[in-house]
Amino acid sequence: MVLQRFSWPYGGRSATFCGSFTGWRECPMGLVGAVFQVVFDLPPGVYQYRFLVDGVWRCDETKPFVRDEYGLISNEVLVENNVQPVVQPEPSIRGTNMDKGTILKTMPPEPSSQNPSMQIAVIRHVVSGILLHNTIYDVVPLSSKLTVLDTQLPVKQAFKIMHDEGTITGMLTASDFVLILRKLQRNIQVIGNEEPISAWKEAKLQFYGGPDGAAMQRRPLIHVKDSDNLVDVALTIIRNEISSVPIFKCMADSSGVPFLNLATLQGILKFLCSKLQEEAEGCSLLHNQLLSIPIGTWSPHTGRSSSRQLRTLLLSSPLNTCLDILLQDRVSSIPIVDDNGSLRDVYSLSDIMALAKNDVYARIELEQVTVQNALDVQYQVHGRRQCHTCLQTSTLLEVLEGLSIPGVRRLVVIEQSTRFVEGIISLRDVFTFLLG
Numbered sequence: 001m002v003l004q005r006f007s008w009p010y011g012g013r014s015a016t017f018c019g020s021f022t023g024w025r026e027c028p029m030g031l032v033g034a035v036f037q038v039v040f041d042l043p044p045g046v047y048q049y050r051f052l053v054d055g056v057w058r059c060d061e062t063k064p065f066v067r068d069e070y071g072l073i074s075n076e077v078l079v080e081n082n083v084q085p086v087v088q089p090e091p092s093i094r095g096t097n098m099d100k101g102t103i104l105k106t107m108p109p110e111p112s113s114q115n116p117s118m119q120i121a122v123i124r125h126v127v128s129g130i131l132l133h134n135t136i137y138d139v140v141p142l143s144s145k146l147t148v149l150d151t152q153l154p155v156k157q158a159f160k161i162m163h164d165e166g167t168i169t170g171m172l173t174a175s176d177f178v179l180i181l182r183k184l185q186r187n188i189q190v191i192g193n194e195e196p197i198s199a200w201k202e203a204k205l206q207f208y209g210g211p212d213g214a215a216m217q218r219r220p221l222i223h224v225k226d227s228d229n230l231v232d233v234a235l236t237i238i239r240n241e242i243s244s245v246p247i248f249k250c251m252a253d254s255s256g257v258p259f260l261n262l263a264t265l266q267g268i269l270k271f272l273c274s275k276l277q278e279e280a281e282g283c284s285l286l287h288n289q290l291l292s293i294p295i296g297t298w299s300p301h302t303g304r305s306s307s308r309q310l311r312t313l314l315l316s317s318p319l320n321t322c323l324d325i326l327l328q329d330r331v332s333s334i335p336i337v338d339d340n341g342s343l344r345d346v347y348s349l350s351d352i353m354a355l356a357k358n359d360v361y362a363r364i365e366l367e368q369v370t371v372q373n374a375l376d377v378q379y380q381v382h383g384r385r386q387c388h389t390c391l392q393t394s395t396l397l398e399v400l401e402g403l404s405i406p407g408v409r410r411l412v413v414i415e416q417s418t419r420f421v422e423g424i425i426s427l428r429d430v431f432t433f434l435l436g
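Note that the numbering used here numbers the sequence shown so that position 429 is 429, with each residue one more than the last.
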């Protein structure tokens with residue numbers, strides 16, 4: 001065995017390493033002075049490797065590198081006992097210099113027989129290459145309808161508009177409607193129905209922020225710029241646990257409101273799917289079944305691990321229980337099942353807005369309403385709807401294409417013959433997985 005040191009001396013905030021001998025799994029690099037480095041004990045042989053610096057895959061142009069059958073490059077090292085590695089580079093394949101490093105747009109694709117870790121590394125790098133090299137402006141539709149609420153608009157009217165327009169974004173959300181509704185049902189007059197949105201925001205700070213409101217601090221409006229790359233936009237949505245984010249146009253002066261549109265994970269995914277079609281042959285993971293991919297939230301009976309346990313509710317469950325889970329677990333939806341565990345529908349936080357239609361909320365006792373009752377109201381207002389599902393045997397590409405359909409924010413994984421709920425895959429799950 002031979003100790004082999006790999007280093008990245010060209011700066012950066014963070015750096016990780018992966019190579020053919022790690023299965024292309026990322027390994028952390030330590031910072032020694034101004035140089036990132038990592039040491040491996042390797043048997044003699046020829047190995048390929050790469051660096052991930054500040055989220056961008058790079059190749060060190062000062063070291064030997066090779067091109068594979070797909071025309072993609074990696075650094076290469078020859079490890080021998082007490083022998084300096086010597087591999088001559090091909091001058092014709094050099095890429096763009098940037099701080100002595102070549103930006104790599106894709107990981108080297110391998111045949112479909114490559115191991116799962118390698119497949120994941122490949123698709124993550126293909127995805128990061130696509131998203132890093134495109135901005136949110138590339139995704140914004142040429143024309144669309146947006147609803148903007150004035151802060152002086154009465155809360156009651158605002159909720160009706162949110163229901164009619166199907167818009168649950170901005171400074172007023174479905175969660176706000178639930179919080180106000182619960183206080184009114186318990187005869188706690190937080191604010192009056194005719195009070196403006198701004199009054200509710202102040203009351204919310206006081207009511208949920210402790211005696212002095214200090215625990216819940218006002219935060220600046222979360223937004224992105226039209227020049228931001230798609231990785232940054234997706235991470236902004238995921239890290240702030242929001243469904244969409246305003247896009248502001250970069251302007252030389254601060255006059256006016258440079259509001260262009262709203263960015264969503266679904267819009268980014270639709271763009272990504274169109275680009276992945278061009279890379280499908282090199283991304284074998286796209287054709288793998290969900291059975292072999294660590295993505296989504298799963299029921300314990302499947303034996304699959306996930307960051308949180310899948311929760312389901314019966315049609316007869318109290319609506320309050322459903323709302324508690326949605327708010328406390330910070331999830332956007334819960335599969336609703338019958339007594340056999342078969343999927344009947346999905347109740348989403350935004351579905352609560354159906355109670356704003358014709359002031360239904362003012363004529364019911366929330367504690368006596370079941371999930372079935374709430375769904376019946378939803379059906380009366382909007383009609384029956386389709387549950388979007390997939391199977392554990394569905395491919396990753398099928399899942400991505402299903403989630404890129406307008407209006408679809410999650411797929412429930414079911415057993416085909418019984419419709420027994422096995423898991424759920426959301427847009428957030430997809431981007432968390434693809435961005436590593």
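No wet-lab data here; the hints were simulated from the structure.
Mixed in with the good hints, there may be bad ones.
What the hints assert, rightly or not - DSBU-like mimics (lysine-lysine), calculated; alpha carbons at most 35 Å apart, straight line:
1) 275 - 225
2) 249 - 225
3) 63 - 270
4) 249 - 270
5) 249 - 275
6) 225 - 270
What the hints assert, rightly or not - Label pairs and their calculated CB-CB ranges:
7) 242 - 275: 21 to 29 Å
8) 42 - 138: 37 to 45 Å
9) 62 - 386: 28 to 36 Å
10) 342 - 309: 40 to 48 Å
11) 67 - 11: 22 to 30 Å
12) 242 - 416: 17 to 25 Å
13) 258 - 67: 26 to 34 Å
14) 258 - 338: 47 to 55 Å
15) 340 - 5: 42 to 50 Å
16) 406 - 291: 52 to 60 Å
17) 287 - 220: 23 to 31 Å
18) 289 - 327: 40 to 48 Å
19) 327 - 221: 44 to 52 Å
20) 241 - 37: 29 to 37 Å
Here a beta-carbon is modelled for each residue, glycine too, at the ideal position from N, C-alpha and C.
*Pairwise beta carbon distance, residue 242 to residue 416, judged against the given window 17 to 25 Å*: The hinted range 17 to 25 Å is violated for residue 242 and residue 416, with Cβ atoms some 34 Å apart.
*Range hint compliance [Cβ, residue 327 to residue 221, 44 to 52 Å]*: violated, 22 Å
*asked:* For the hint 29 to 37 Å, verify it against the beta carbon of residue 241 and that of residue 37.
replied: holds, 36 Å
*Could you grab the alpha-carbon distance between residue 275 and residue 225 and see if it respects the 35 Å cut-off?*
Within the cut-off at roughly 22 Å; holds.
*35 Å limit on alpha-carbon distance, applied to hinted pair residue 249 and residue 225*: OK: residue 249 and residue 225 at ~6 Å, within 35 Å.
_Consistency of beta-carbon spacing, residue 309 to residue 342, with hint 40 to 48 Å_ = violated, 19 Å
*Just tell me: holds or violated, for the beta carbon distance of residue 406 and residue 291 against 52 to 60 Å?*
Cβ of residue 406 to Cβ of residue 291: about 28 Å, so the range 52 to 60 Å is violated.
*Range hint compliance [Cβ, residue 258 to residue 338, 47 to 55 Å]*: holds, 50 Å
_Check whether the Cα positions of residue 63 and residue 270 lie no farther apart than 35 Å._
violated, 38 Å
*Given the proposed pairing of residue 249 with residue 275, does the C-alpha separation stay at or below 35 Å?*
Judged against 35 Å, a Cα distance of about 25 Å means the pair holds.
*Honestly, do residue 242 and residue 275 meet the 21 to 29 Å range at C-beta?*
holds, 24 Å
*Quick one: are residue 42 and residue 138 within 37 to 45 Å, going by C-beta?*
holds, 42 Å
Checked against the numbered hints listed earlier, the structure breaks hints 3, 9, 10, 12, 13, 15, 16, 17, 18, 19; every other hint is satisfied.
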